[in-house]
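Undergrad: Make a model of the complete structure from these sequences and hints.
Which chain is which? The protein sequence lines are S and G, in order. If you want our numbering, it's the 1-based position in the first sequence plus 6. If you want our numbering, it's the 1-based position in the second sequence plus 6.
One should not assume that every hint holds.
If chains are identical, the list can't say which one is meant, so a pair holds when it fits in one copy or spans any two.
Unchecked claim - Calculated pairs, DSS-like style, for lysine-lysine (alpha carbon to alpha carbon, straight line, at most 25 Å):
id: 1; residue 1: Lys99; residue 2: Lys22
id: 2; residue 1: Lys72; residue 2: Lys102
id: 3; residue 1: Lys22; residue 2: Lys102
id: 4; residue 1: Lys99; residue 2: Lys72
id: 5; residue 1: Lys99; residue 2: Lys89
id: 6; residue 1: Lys89; residue 2: Lys72
id: 7; residue 1: Lys22; residue 2: Lys53
id: 8; residue 1: Lys53; residue 2: Lys99
id: 9; residue 1: Lys72; residue 2: Lys53
id: 10; residue 1: Lys89; residue 2: Lys22
id: 11; residue 1: Lys39; residue 2: Lys22
id: 12; residue 1: Lys53; residue 2: Lys37
id: 13; residue 1: Lys39; residue 2: Lys72
id: 14; residue 1: Lys89; residue 2: Lys102
id: 15; residue 1: Lys39; residue 2: Lys89
Hints in this document: simulated from the structure, not taken from any laboratory.
So the chains spell out like this:
Number of protein chains: 2
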Amino acid sequence: MLLLQIDFPYNGVVGKEMVEAFADLASSISKEKGLIFKIWTENEDTKEAGGIYLFEDLLSLERYLKMHTARLQSFGIRDIRSKVFEVNEALSKITKAPIF
Amino acid sequence: MLLLQIDFPYNGVVGKEMVEAFADLASSISKEKGLIFKIWTENEDTKEAGGIYLFEDLLSLERYLKMHTARLQSFGIRDIRSKVFEVNEALSKITKAPIF
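TA: The following block contains the structure:
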């Protein structure tokens, strides 16, 4: 199980307006091959947003990251930070992670 | 619901050895006030580790972040990057996040 952590400077809409703007995109993302879930993140104070993703395998993650980075850039978003991690499942289980 | 994203350079043990080294710490973290869950992250190639946390409220998150940062520093860990986000629950629900 692999975790993809993405964040970037973001000056767009948040909250309910963000839901209206991105509901179709979210629906599309939910169907991505190998995706277990995405948590959508936003911070109006620091003007940042991003996502925490869990993927079944590295190939699916890397294909998604490449496609999604290009999509974000097409929205005018720059300085996209992405990090890939393995999940330590045993420790995460102890700390109540709902991923099993 | 608030998300805390932490990562840092890490040269210590990973995988099963990490579980043995940190099981007691994980058990302690699982009892932190306001914590919903923590996902433990590690990357042996990039020599990084971290955690993705969900908290019920900002006060609990800030208290934990202050305490945990000091604890990581006491382990000799430096360059700790932390970011706080709100979770967009409606969009996360569409992308199958198991947080509801």
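Undergrad: Going through the earlier hints one by one, which of them does the structure break, listed in rising order?
TA: 11, 12
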